[in-house]
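*Asks:* The lines below spell out each chain.
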Amino acid sequence: MIESIENALQIGALIICAVVSLYPTITRKSREWMILFFFYGSFLLGDIYWLVCLIFFGDTPKISVVSDLSWYAMYIFLYMLLIQTAPPVKTSRLRALPWLGPIFSVAMAVFFILRGEILSNIIYASLMGLLLFSVICRFIDWKIYKNQIFLSIMILVFCLLEYGLWTASCFWTSDTLTNPYYWFDFLLTVSAAIFLPATKKAVEE
Amino acid sequence: MNYIENIYICLAAPLILAIICLRREGRRALLFLLAGMTVCLLSAYVNTFLAGAAGADLIEASHEISPVVEEILKFLPMLFFILVFEPEKKVAITGFLLVAVGFATFENVCFITYYGTSDLLRLIIRGFGTGAMHVVCGMIIAVGLFYLWNKIWLQIVGAFALLCFVIIFHAVFNIFVNQSGVVFWIGSVIPMTLVLLYMVFFRKRIS
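Chains C and Y, in that order, give the protein sequences. Number 6 in this note's numbering belongs to position 17 of the first sequence; there are no gaps in the numbering. Number 184 in this note's numbering belongs to position 155 of the second sequence; there are no gaps in the numbering.
Hint data in this document are derived by calculation from the structure and do not stem from the laboratory. Certain hints may be false.
Derived DSS-like pairs: lysine-lysine, alpha-carbon spacing no greater than 30 Å straight-line [unchecked claim]:
(1) 132/C x 18/C
(2) 132/C x 118/Y
(3) 132/C x 190/C
(4) 135/C x 190/C
(5) 135/C x 118/Y
(6) 132/C x 189/C
(7) 180/Y x 189/C
(8) 18/C x 119/Y
(9) 189/C x 51/C
(10) 119/Y x 190/C
(11) 180/Y x 119/Y
(12) 18/C x 189/C
(13) 119/Y x 132/C
(14) 118/Y x 18/C
(15) 18/C x 135/C
Full structure from sequences and hints, please.
*Replies:* Structure, rendered in structure tokens:
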């Protein structure tokens, strides 16, 4: 029950965010806002799919490929947003620090593979690793990517909250508010909403 | 028993004759329609096979297997067309639309031969709803592919993301239209509304 309520609240928040991001997509014909709209759309449709399965069939989907696809799309759109809002400057220097992101993702993937599916966890690790790598690169070259720092911080927070959510789901299964899974999911909704001002800052500066 | 390959032959025969007789744009448009019908037939086979392999029943297959199979197969003829012929944006976008229309038409014909033609109102809603859903999915991929990204590697990754997006949209639509009453209506009306919104807000930019 609590899962359905929490899902419904997240859906409501995401609908508002999608509508808000659609407005500049139409009025300014902005690619960046359209990518953000697709990000919210993927998140929203994944949630709706999960919720309607719970409501109409009384259970989560038996084959989770479809819902996984919506999360994959969500991370790809986030990465695209990062690429699209980046200034047209090339930084070719290879550094060690950004590789901490992919290393962390691989370590977490091994942890999750021991408890679940192999292929989907490898794909999640690849996408998360790519996102974390790009975000850390932007922190290092903060003078070049000044406009993207807020967006990068939010993407980092979003990724870490996702990991918190997944880890919580491995250890806590209760359907009450004491389950940290719901706290992480609530914070995830808040962080997703903050992408709106973060994108605005990245686009307008 | 519903012999969809027989229906396919009946529908495809006049199209094939017209394709032989017509030239240029007319021929290309009918080829896209035929491609849409053909991938619909193929997806029925692939869906049946995968549903059997996964042990899924009809309802489960409709929202867990068929959206994935149908959207990927619908994308393949256009991917071939784009890679081989390198068409202009407008031609490719029209192609996406016509493949989707061909797919939806064949799916609707199969639907009415299976469920009958007695309930006209439901058929109208179903016809427009399914048609609009396939058109929306085709347009999302086409618009995203040609207007969102200008680098080839971004287009490849972006195409995958958009494909994922339309698959989940298709899956949610299938769940809604498999219900009865108000849920069926809502599910059918959403893609129609999206087509109307697209016509109002985005058409100028595309044309």
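*Asks:* If a hint holds in the structure, say so; if it doesn't, say that too.
*Replies:* Going down the list of hints, with the structure as the test:
1. 132/C x 18/C: 28 Å, holds
2. 132/C x 118/Y: The hint is violated at about 38 Å.
3. 132/C x 190/C: The hint holds at about 15 Å.
4. 135/C x 190/C: 10 Å, holds
5. 135/C x 118/Y: Since the Cα atoms of residue 135/C and residue 118/Y sit roughly 35 Å apart, the hinted pair is violated (cutoff 30 Å).
6. 132/C x 189/C: 19 Å, holds
7. 180/Y x 189/C: 23 Å, holds
8. 18/C x 119/Y: 18 Å, holds
9. 189/C x 51/C: Violated: residue 189/C and residue 51/C sit about 39 Å apart, past 30 Å.
10. 119/Y x 190/C: 33 Å, violated
11. 180/Y x 119/Y: The given pair, whose Cα atoms are some 18 Å apart, holds under the 30 Å limit.
12. 18/C x 189/C: This hinted pair holds, its Cα atoms lying about 14 Å apart.
13. 119/Y x 132/C: 41 Å, violated
14. 118/Y x 18/C: The hint holds at about 18 Å.
15. 18/C x 135/C: 24 Å, holds
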